[in-house]
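S.K.: Please build the complex by placing chain B on the supplied structure of chain A, with the hints as guidance.
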Amino acid sequence: MSRENKIERAWNWYFYTGYSGDSLGALRALIGAGLLLYHITQFPHVLALSSSGAHTHYIEPIWYFEYLGISTHIPWLNIPIFILMMVATIFFMIGKWTKPSILVLFICICYLKGVRDSFAGDVHHRYIVPVTLLFLFFFSKCHQRFAVDAKGKTYPAIEEWEASWPIRTAQTYIVLYYFWAVVAKLRITGWEWFDTAGQIQAKLIERSLRSGFGPDGEVLRRAYAFDLAEHVWIVFTMGALVALFKLFSPLVLIIRRNWATVLFLLGAASFHVANFILLNVQFFMYPFVFFSFFNMAWFARKYRDKYGVKNPASALT
Amino acid sequence: MGHCAASSRALRRDKRGVTLWSTGPVCGDRGPAASSLIPVAFGDLNRLATFGELPINIEQKAFQVYGPNLRARFMRLLAGGFVKKKTVTKFLIGFHVFTLDAVFFRVDTFPLTWVPMYSQFHGQTQLVVLVGDKAKLRKGFEITTAAGETEFIGPKTLNVPNAAFRRLYTERAFGKGPPKHLRERERLNPLSDAVFNLFYEDPRTGIDWHSRLLDMMNKTLDREPGDPDYIVQAIATYEFTNVSRETRRTGDLSDLSLEMRTAVITKRTP
Chain A
0 MSRENKIERA
10 WNWYFYTGYS
20 GDSLGALRAL
30 IGAGLLLYHI
40 TQFPHVLALS
50 SSGAHTHYIE
60 PIWYFEYLGI
70 STHIPWLNIP
80 IFILMMVATI
90 FFMIGKWTKP
100 SILVLFICIC
110 YLKGVRDSFA
120 GDVHHRYIVP
130 VTLLFLFFFS
140 KCHQRFAVDA
150 KGKTYPAIEE
160 WEASWPIRTA
170 QTYIVLYYFW
180 AVVAKLRITG
190 WEWFDTAGQI
200 QAKLIERSLR
210 SGFGPDGEVL
220 RRAYAFDLAE
230 HVWIVFTMGA
240 LVALFKLFSP
250 LVLIIRRNWA
260 TVLFLLGAAS
270 FHVANFILLN
280 VQFFMYPFVF
290 FSFFNMAWFA
300 RKYRDKYGVK
310 NPASALT
Chain B
0 MGHCAASSRA
10 LRRDKRGVTL
20 WSTGPVCGDR
30 GPAASSLIPV
40 AFGDLNRLAT
50 FGELPINIEQ
60 KAFQVYGPNL
70 RARFMRLLAG
80 GFVKKKTVTK
90 FLIGFHVFTL
100 DAVFFRVDTF
110 PLTWVPMYSQ
120 FHGQTQLVVL
130 VGDKAKLRKG
140 FEITTAAGET
150 EFIGPKTLNV
160 PNAAFRRLYT
170 ERAFGKGPPK
180 HLRERERLNP
190 LSDAVFNLFY
200 EDPRTGIDWH
210 SRLLDMMNKT
220 LDREPGDPDY
230 IVQAIATYEF
240 TNVSRETRRT
250 GDLSDLSLEM
260 RTAVITKRTP
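Keeping their order, the protein sequence lines are chains A and B. Residue numbers for the first sequence follow numbering that gives the first Met the number 0, so the first one is 0 and each next one is one higher. Residue numbers for the second sequence follow numbering that gives the first Met the number 0, so the first one is 0 and each next one is one higher.
Derived by calculation from the structure, the hints in this document are not laboratory data. Glycine included, C-beta positions come from ideal geometry on N, C-alpha and C. Each hint should be verified, as a subset may be incorrect.
Pairs of lysine-lysine, DSS-like flavour, derived with a Cα cap of 30 Å [stated by the list, open to error]: (1) B:Lys84 - A:Lys152; (2) A:Lys95 - B:Lys179; (3) A:Lys5 - B:Lys85; (4) B:Lys135 - B:Lys89; (5) A:Lys95 - B:Lys89; (6) A:Lys95 - A:Lys150; (7) B:Lys83 - A:Lys95; (8) B:Lys85 - A:Lys152; (9) A:Lys95 - A:Lys305; (10) A:Lys5 - B:Lys84.
Here are the computed distance ranges between Cβ atoms for each label pair [to be verified]: (11) A:Tyr66 - B:Ser191: 17 to 25 Å; (12) B:Thr86 - A:Arg186: 29 to 37 Å; (13) B:Leu197 - A:Ser50: 39 to 47 Å; (14) B:Ala134 - A:His44: 17 to 25 Å; (15) A:Arg8 - B:Asn161: 54 to 62 Å; (16) A:Gln281 - B:Arg203: 20 to 28 Å; (17) B:Glu258 - A:Trp12: 55 to 63 Å; (18) B:Ser191 - A:Arg300: 43 to 51 Å.
If we strip away everything but chain B, and leave its shape as in the complex, we get:
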């Protein structure tokens, strides 16, 4: 067997600029036993690719081999839907296994899966509720620029819906993420937790909302670092009320005390 030039690249181009598919060693003359490394589904492609530098476009070949079949299947679906009961049974099993798995692992990725909303409840002893102030929301964040000027930036300037701005102003500014992050992570079973940690940082603690808010405002308004109008600080103030469990149990909500809270939003220094 001839000498094989080892290459681990998945795609490479020959002298004529033709893309070649190669997942194993690429040989000058004959095909090596590299096909054993390739999944069966790609067997044909591998054979084509490892038999030297073939003067054909592998992608075209792949389409000739697989494309019409896939296209025909898709067109059949478009034209008719499933025609065999066995196929439907397999589809239904797959569909329900997928749905149940997602519920078990609590994966919240529209449109594939969902995690039930409003399951969490954190107000058992003290319920902290924000008290709306539309005028304040319309006015928006009080921002300070690099030049030291102050101005207000509201939903109109940022061109975001009022409901989204309310969340930015009363939740993200106060370090509170969207409920989705709690839904996905709170009281997860250990297996799901381990799987989740393989792919993502815990969004409940891993996101610096203040930096994101400042970035969002600066990028939206095309303000670059170094510009005098670059936003370096934003302030949000809002009224909240605390309602204890005892008060809620009695049902007497006539005497709620209000508390003003302020969030000073600056970038975290690395």
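Just chain A, with the same shape it has in the complex:
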């Protein structure tokens, strides 16, 4: 076999095999459901601001606000935009006007995230992966299966390659998110990042002291994180496990076995939940993106069986 053919075969195996139209449609619905909850966890502080309060001048607007000339916060606009975003997410989830919903959703996320990050200039990355998934869904045929859009329409069957590429690309992006993170840590800080007096211990101390000490000298909040920081070998072990998980995470893309997927997801989910409990990193709802790693065709089938939906393409009708 020539080298070109080998590359082509590997490319086809990697991006164009493994999933059906049902997998893609059901994944869209589940990611939509996850996003609904995710949005709620991301903007409570922005929504709690007084609608009639001061129009804050941003100290460092996010780059697209700067290009668009948005330098001031309009507090009454947050709630309508949030409602619009939730409605667009529901439409995306049920597959009604799917593509326009993605566009609306994207604009709303950019706006609310821009507001949140422009007050102090800290840019958070919590929407990078969800927005990339939306981008991939936009170019896919996700609205043609398991969607209200498909009701009464006879779309041609979605071929395996058409359903697989968005899912495989999403998986690749999610995994590389972890992999590049460990590469950056090693390149910029080195092994010291994971050491006994390294970054994890430092973050445990920083985050637990954020609320300060009580009158009796006790740490007020997250005292357990402060206590954990004193157990240097446990912290070191946690760091080593994080490094191993991130370094080897790309294997899940190649080993297409359930045990590998489950192992990866357990690692990632514990990582995010621990980050939230110990360090208050607001990524705890993030594991909803891991639906991408399972073939969700069974979900579509079960749904259809349960609710007696006859048209295999449509759902919720």
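M.R.: Below, chain B without anything else, positioned relative to chain A:
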């Protein structure tokens, strides 16, 4: 060939107020060889624009030529998604090249790209940690107005979330920028560094946070220079603790000494 009136303007208007697209010399009668200056994609537009002052709206023409095609493509995407495997392959190559490039050049621009967070660690020898004080944060900056009065401005007055105010009070006030600036610039490879310097000043050193803070407060509260209540100074005080590497290695954090730090925020005089 007739005389050409040189014009370097990209857009100009004729006597009837019709916008013309012109990137090269605009000629009175016939088209010159200016089309060679124009990218192929704009070839038709150039031909239309350089053949004298045509009594048609070039923008309308451009839409007639390109608009329906672009619109049709977009509508096809909305209706169906990619239909050809070749297109998908090109898309995937472009997508991954773009993502990898951004990682290499460390460009942190949501929603296009990201730079991994928490990669930097500056507490190797001495870890400086702020010790929270919610009451102090609620009270906010102690400000002095042009008239010499003092008052406190907190998150409620400025209408900013508490977490953002904490960053303003304990970081920007003490001259510390957001982590994004470090993420993008620290230990960059020389090529990325050179590219970055072409477009931006180094944000780690190029931003006067004190001026920005005062501007932010004055603009938010509609206070103009010359007003008696214009804010000329703000003070932030906060407790910090230093934890040495040796202390952290032993794991004994029972004896942390606290140190009060004060940031006096005034505008830098030019």
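S.K.: Taking the hints in turn, state whether each one holds.
M.R.: Going down the list of hints, with the structure as the test:
1. At roughly 23 Å between alpha-carbon atoms, Lys84 of chain B and Lys152 of chain A fall within 30 Å of each other, so this suggested pair holds.
2. Between Lys95 of chain A and Lys179 of chain B the alpha-carbon distance is near 37 Å, which puts this suggested pair outside the 30 Å criterion.
3. For the hint pairing Lys5 of chain A with Lys85 of chain B, the CA-to-CA distance comes to about 17 Å; that is within 30 Å, so the pair holds.
4. The suggested pairing of Lys135 of chain B with Lys89 of chain B is violated, with an alpha-carbon distance near 56 Å, which exceeds 30 Å.
5. Proximity of Lys95 of chain A to Lys89 of chain B is assessed by CA-CA distance (about 29 Å); at most 30 Å being required, the pair is judged to hold.
6. Among the hinted pairs, Lys95 of chain A with Lys150 of chain A is consistent with the structure: their alpha-carbon atoms are about 10 Å apart, no more than 30 Å.
7. The straight-line distance between the Cα atoms of Lys83 of chain B and Lys95 of chain A is roughly 24 Å, inside the 30 Å bound, and the hint therefore holds.
8. Our distance criterion of 30 Å between C-alpha atoms is met by Lys85 of chain B and Lys152 of chain A, whose separation comes to about 26 Å.
9. Proximity of Lys95 of chain A to Lys305 of chain A is assessed by CA-CA distance (about 21 Å); at most 30 Å being required, the pair is judged to hold.
10. Restraint check: the Cα-Cα separation between Lys5 of chain A and Lys84 of chain B comes to about 18 Å, which is no more than 30 Å; the hinted pair holds.
11. For Tyr66 of chain A and Ser191 of chain B, the Cβ-Cβ distance of about 22 Å falls inside the hinted range of 17 to 25 Å, so the restraint holds.
12. A C-beta distance of roughly 35 Å is found between Thr86 of chain B and Arg186 of chain A, which places it inside the suggested range of 29 to 37 Å.
13. Checked against the hint of 39 to 47 Å, the pair Leu197 of chain B and Ser50 of chain A passes, with Cβ atoms roughly 42 Å apart.
14. The hinted range of 17 to 25 Å is satisfied by Ala134 of chain B and His44 of chain A, whose Cβ atoms lie roughly 19 Å apart.
15. Checking the proposed 54 to 62 Å range against Arg8 of chain A and Asn161 of chain B shows it holds: the Cβ atoms sit about 55 Å from each other.
16. A hinted range of 20 to 28 Å for the beta carbons of Gln281 of chain A and Arg203 of chain B is consistent with their spacing of about 26 Å.
17. For Glu258 of chain B paired with Trp12 of chain A, a C-beta distance near 60 Å keeps the hint of 55 to 63 Å intact.
18. The given range of 43 to 51 Å is respected by Ser191 of chain B and Arg300 of chain A, whose C-beta atoms sit roughly 48 Å from each other.
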